[in-house]
Every structure is written in structure tokens, then in C-alpha cells.
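Residues per chain are reported as follows:
There are 2 protein chains.
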Amino acid sequence: MQTPWEYRYAHRASKMGSSVIRELLKLTEQPDVISFAGGLPAPAVFPIEKFREACNTVLETQGPQALQYGTTEGYKPLREMIARHTARYGIEVSADNIMLTSGSQQALDFIGRLFINRGDYVVVESPTYLGALQAWNAYGAQYISVRSDEHGMVVDELEAALRIGPKFIYILPNFQNPSGVTLTLERRKKLIELADKYGVPLIEDDPYGQLRYDGEHIPSVVKLDSDFRGPNGGHYSGNVIYMSTFSKLLAPGLRLAWVIAPPEVIRRLVMTKQAADLHTSTLSQFVAYEVAKGGFLNEHVKLIRATYKERRDVMLEVMDEVWPREVHWTRPEGGMFLWGVLPEKMDAAELLKKALERKVAFVPGAAFHPTGGGHNTMRINFSYPDPDTIREGMTRLGLLLKEEVVRESKQKFMYD
Amino acid sequence: MQTPWEYRYAHRASKMGSSVIRELLKLTEQPDVISFAGGLPAPAVFPIEKFREACNTVLETQGPQALQYGTTEGYKPLREMIARHTARYGIEVSADNIMLTSGSQQALDFIGRLFINRGDYVVVESPTYLGALQAWNAYGAQYISVRSDEHGMVVDELEAALRIGPKFIYILPNFQNPSGVTLTLERRKKLIELADKYGVPLIEDDPYGQLRYDGEHIPSVVKLDSDFRGPNGGHYSGNVIYMSTFSKLLAPGLRLAWVIAPPEVIRRLVMTKQAADLHTSTLSQFVAYEVAKGGFLNEHVKLIRATYKERRDVMLEVMDEVWPREVHWTRPEGGMFLWGVLPEKMDAAELLKKALERKVAFVPGAAFHPTGGGHNTMRINFSYPDPDTIREGMTRLGLLLKEEVVRESKQKFMYD
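Here the protein sequences come in this chain order: A and B. Take 1 as the starting number for the first sequence in the numbering used here and just add one per residue. Take 1 as the starting number for the second sequence in the numbering used here and just add one per residue.
If we strip away everything but chain A, and leave its shape as in the complex, we get:
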């Protein structure tokens, strides 16, 4: 007889849906659609030749090690390089503070697995990163949303959330996905104080920290927490679990990211990873180290910044010219996304249908709001399409929006 698989799945499987975005991307992947829906780096900034050289060097000089099983915590020279890089920002950190993961998504999954009991509350920004929700839904998380404005999470509204007793606070302080906004220094400090007051850990997700195109660098939350606590004899043991990735600096196809946390948390994450996939690809780690060593990243990131800054500028220029005044949008100082807010009566999912008829796509924002709302918001990516494509696509979207705004105001008039 046939196996009734549907009834064999664990309870948690009912919480595991497919990502709205990844499903949407399939629709928008028709070659004639201009898509601002994805979150892909521009292939133009991949240092392909450097990768080719690195593969050759690694396989010629360390072939047997690069193809063999490796340690769960990750390739030590790479962890030490990350420690040195991090220490440069004034954080007391050692290789014992660092674990490598197969992309930041895996770090999010492990954090969920290690911390979240079914029904536990997690504080998130509203809107927040969809991948984190997807990772933690499977563990039965519930969410408390704290509102964001153009300066990031409205930290004054955080204290009420903390009194609910959440497991942790999840925050993307730099050029947030999806909103593009950056948390101010003042709010960062206040966030750390509040988290400390209530004893609630902070999860800092920082994929885009290096991708700032204008304005001043703001110290990371883990750095400010490290300052807040003072010296600790060589390693960090504060209240923040920090993560970043090579996906935006080198190439996402490597699946290589890292977590910085107190050593006792790293030890637990290592046990989690051991049971989950033993370790991240040794070849990826050796090659990434070979590419990144000797200061290459410091140079390479300048190319990435120049490329994305131009694309962001073109996008904002077209929006300023063509988009109707009734629509509002963020002006990100870095990262890969900006965020549009339509008039309250409009629905971004409905707008997407019409946009697809004109062969242009974005992500409607509702899915980024785990506790509801955001039907009139949209995420727009500027890192992947080239400037001409951005100009064409954003003009199409702007003209559509003008028509929709006129129609919407007429309707309003009719019902007034």
C-alpha cells in the first residue's frame, strides 16, 4: 500500500512553510521581468579570477587537508583572521569566540535550536528579516514586534516588550533587511542598557556592516556591549551573539558565515553543528581564507561599495523624479535594499500583480511583519540589477504607482 507520508510528519513540520520570497522569485524569474524582488549580490563584483587562483593554490599546496573532514568549529586560520579583523574594531575577541557556519541562515537556525522552546517569545523589529522568522517558526517561536522608524528600532518602546520575558532580542542594526534603515548610536547604547537591565540576550545580525556608501560608521552592538562591560582578559563574554557573512563580501555560493559569542555559547553551538552537518565545507573555508588573506577584502569591499552606491543613487534619482509624492521611501546609507510605504489604502500584493503585467517585480512587505500589518509596504533591491535596468524598472514602477495613486484618490473622493 501507499505510505501516507502526510500523517508521519512531526508537529513542527506544520510550522515549516516555504519562504514567500523564494516562491515569489520563481514568478519573477522570467527573463523579461525586471526584478527588484531578490536579494542577490551583483555577479559583477565576484572576484572570480582571485577565486580561481585560490583554488589552484589550495589544491596544489594543501589538497589532502582541503578535501578531508574538518573541525566543527571551522578552519582555525580563518577563525583567527576573523578574530583579528574583529579586534580591529576594539572588541576583545579570540578564536574561541568564533564558529563558522554554512551561511548566516544556518546561524539563525542553530540559535533557534539552541534557545527556543515552543511558545518562547522573541523580540523582533517590525519589519524584520524573513529568514529569521522562517528558521524560528519551526521551533515554535512567538514574536513581539517593536516598531521601527527611519532611525531603526524605536528603543523607547522596547522596555514594555522586555517585561514579557522574551528569550532574546533580534536586531539588524545596519542597513536593515528589509527596511534599509540604520540604528543610531544613541539607540544602540540604550538597547544594550535595556537588554542588560532585563538580562535578555541580543542577537545582532550584521550581513551588510561593511557596505556603507555614505555617512559615518557606527560601532556594532557587540562592540558597544564589549565597551559597556570593560576588559575581560582576551575574549568576549558579554550579552550579544553577533553574526556576519562572506556572502556579501566575497560570494554567497560559498555558504560561509560566522558567529561571535561568549566561548560557552560557542561550545554549545559547536555541539549543535556537530549533530546538524558535522562541519562546513573544508574546501570553501580554505579557499575563502586564501582569497581573503593579505588584506584583499579591504580593497575588494571598495569595489562593492562603489558599485552598489551607484545603483542606489540611480534608484533614488529615478524615484525622486518619477514616483508620486504619496509614496514614501527610505534613503539607505548602505546595504542592498530600500523600503517603500504606499498610501494606507493601497495593497502592495495587489500592486505586484499589476507590476508583473508591466514586467517589473518587488517583494510586498506584509511577510516581514510577523505580528501583522505592512500590507502597504514593499522591499526593493538595488544591488543586483545594473543601473540601466534600475532606471527602466523603477520608471515603470513609478508610472504604475502614479496611475494607482490617482485611481485610489478618485475612489476616496467618490466615497467621501
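These aren't lab readings, by the way, just hints derived from the structure by calculation. Among the hints, erroneous ones may be present.
Chain copies aren't distinguished; within one or between two, either way the pair holds.
[To be verified] With a straight-line Cα cutoff of 30 Å, these simulated BS3-like cross-link-like pairs (lysine-lysine) come out:
# : residue 1 : residue 2
1 : Lys50     : Lys76
2 : Lys26     : Lys345
3 : Lys26     : Lys76
4 : Lys76     : Lys309
5 : Lys15     : Lys76
6 : Lys359    : Lys76
7 : Lys293    : Lys50
8 : Lys293    : Lys26
Mind docking chain B on chain A? Use the hints.
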């Protein structure tokens, strides 16, 4: 104040221990210890030059795609290649039956996540693969052990276990890790019939199927299940979830394995992977495809077989010569491990301490028995050490065992 992390962890964290073996490996990794404790392929069989060429070709011709984000189910040409390879064994299978994972450990983890509710029973062989226990402990699995003998699981004893209502049956039919034994054709058929009778799915873990050194190939459980059910219009939709890996055929450092399952299970596994790590390294997948295509694996596996056959033969030869008759061991027809059974009164963990004094190591077998027992058993790896090292190490172990057997029989005499 300090964050009391220990009290923040989820309940499941208490079930996540570090692998006994990986902890043990740290002890045995002193350079002067001859270790039969690991489960590593011999670096001598890594096709390093082929990898180097493949990296060059991939980066020269498909660089932007190989470094970009990829699909969750895996690189389609690679999935199609695996489907063709599988179909050659007479299984009706398509790319929709296949998902790529970051090593088989990840497939084990996903199967646990997708199927196991806390307290669910899982049927395993005794002894069984430690990595599976480690993956499923975190999800709160309980185990029902079914005894194995030199022909694999004693399937006649399975029916009683099935009447308990387990979630699935986990089996390694070929050259099992840790025991080295192979399930007979007759028992495979009986296993499929019993699983079908009670509607309990089978998880077939087959990392070593291609590594047979003598005797005849026995069809995989998924193939026999496919026959049992008859034609199904192009894809497999039976009662088995099968997994295998490139770790033993190409290189474990790639972290590349695959699952074969009914399409509806694959869809669920894809959702699971999306939340867990988005996808497996695109670069690893492109490079593995480039290395494997054009029939390279069919040739390369002959080198692996010849290398490991020699090592197994040397090991058995020394054991026959030097080891005391009171100790019994399996004579695997393939794979990477053999299994020793000491006299009932002896303890393999105690023996290991004495073995380490003589600079030789193995894995005591108790950990492979999730429901207890096996204190007098040991797993011995023959794929990693070269023949001379095997001769030296197994002689040392044999001489130690002779002394221990004499001591044990004297003690017995004293207490008689």
C-alpha cells in the same frame, strides 16, 4: 551583570551532547598514536588534480553562477546525474526524487526534524551509526534496538518492534558503520514486506554501497522496494528514504550528499533545508558535477576499492596471525570498518586506556548501542592508515589483547 546562558538554552539542548567519537579523536590525534578510531577516507585516493582542473573549468566558464546563491533542492545537472546513476540500478527515479544535502549528517538531521516528535520511537540496528543517534536525540527520539548478527539486522525479531508503532526504521544495509556487516538479500526482502505490512517507512543509509571488495552486489533496499511496488510512471513513490554521499567517492571536505525519496517528501525536505541553510555550497556542487561527469566516478571507485581492499586484507591477516582466539571479529566485504567482540567480561573502554599507553587507538562500542550493552565491543577503521601502519598498530593491539585475555582468564580461575 553576566548573562546566565546556561538557563537560557531550550530543553532540547540538554539532549545535545558532543559525539563520543569526536571527543575521543582529540585524544587520539597525538601524532605518535596509530589511530583506528576515525572514519576518514585515505587522502591518497582524493583526485586532487582532477579537482584542480574542475575548479578552473567551473570558474572560467560558469564563475558568476558557481559563486551566486543557488536553488535549495540543489544544482539540477547534478541531481539529474544522480537520477541517471540511480536509474541504472533499475529504480524508476527522476530529479524530483532527489535533494542535495551538506553531507549525509544533514540528511539525518532533516529527517529527524521532519518526522520525530518528542518521545517517538525509532527502530535501529544494534549496534547502529552514532551520527544518527546524535542527530535524532535533539528531537527527543527514543530507540528500539533490533539485534544484528553477521548477516545484518535479525529481521525475524523486527516484527515485535514494529508493533510498538515506531516513526521509522533506520538501517545501513551495506558494510554497516560500525559493524561492517551486510544485510542479506533475503532479509532485505523480508524487511520491505514487514515495513509495508505495518506501514512504517524505512530510512536506508548507504554511504559505502559502491565500496565492495569481494562478493556480489546486493540490490539496495530502495531498489527492492521499487520492484515490490512495480512501475509508477517515471518517479519513485515507495516506502523508503534513501541517502548516499560523495564523501567516500570523491572527498568528504565537499560536504555533499543526496537523499532519494518520494517527491512529496522531497518537497518537505526542501522546505526544511530552506529554513536551515538555504542551500548547499554552489561551488561544491558545480565542482563535484564537473569532476564526476563523463563517467569519472566509475573509474575512480576502482582505485578506492583496490586501496581499501588491500588495507582490509592486511588488517585481517594480522588479526588472524596475532590476535587471540577469544576475541571475535567481522570480515567485511566492503566499507571502512570492522567490529571486534571481546570476551564478555572485558570492557573495551578500559582496554582503550591501556591501548593508548601503547600508542594505538580504536572506538569502544558501547556508544553505538542506544539501549545499552556492547561494553565488550570495538570499532576498527581500516580505510585511513596505510598498510604498514595497520600492520604495526594491529600487532600492538593484538599483543595487548593476548595479555588481557590471559589476565582475564586467570582472574576467572581465581574466582571459580
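Structure-based check of all given hints:
1. Lys50 <-> Lys76: Answer is both: 22 Å inside a copy and 26 Å across each meet the 30 Å cutoff.
2. Lys26 <-> Lys345: within (28 Å within a copy, 63 Å between copies)
3. Lys26 <-> Lys76: Result: close only across copies, 15 Å inter versus 38 Å intra.
4. Lys76 <-> Lys309: Cα proximity of lysine 76 and lysine 309: none, with 34 Å in one copy and 34 Å across.
5. Lys15 <-> Lys76: between (36 Å within a copy, 27 Å between copies)
6. Lys359 <-> Lys76: Classified as between: cross-chain Cα gap 26 Å, same-chain 47 Å, threshold 30 Å.
7. Lys293 <-> Lys50: Both. Shortest intra-copy (11 Å) and inter-copy (25 Å) distances satisfy the 30 Å Cα cut-off.
8. Lys293 <-> Lys26: between (37 Å within a copy, 28 Å between copies)
Checked against the numbered hints above, the structure violates only hint 4.
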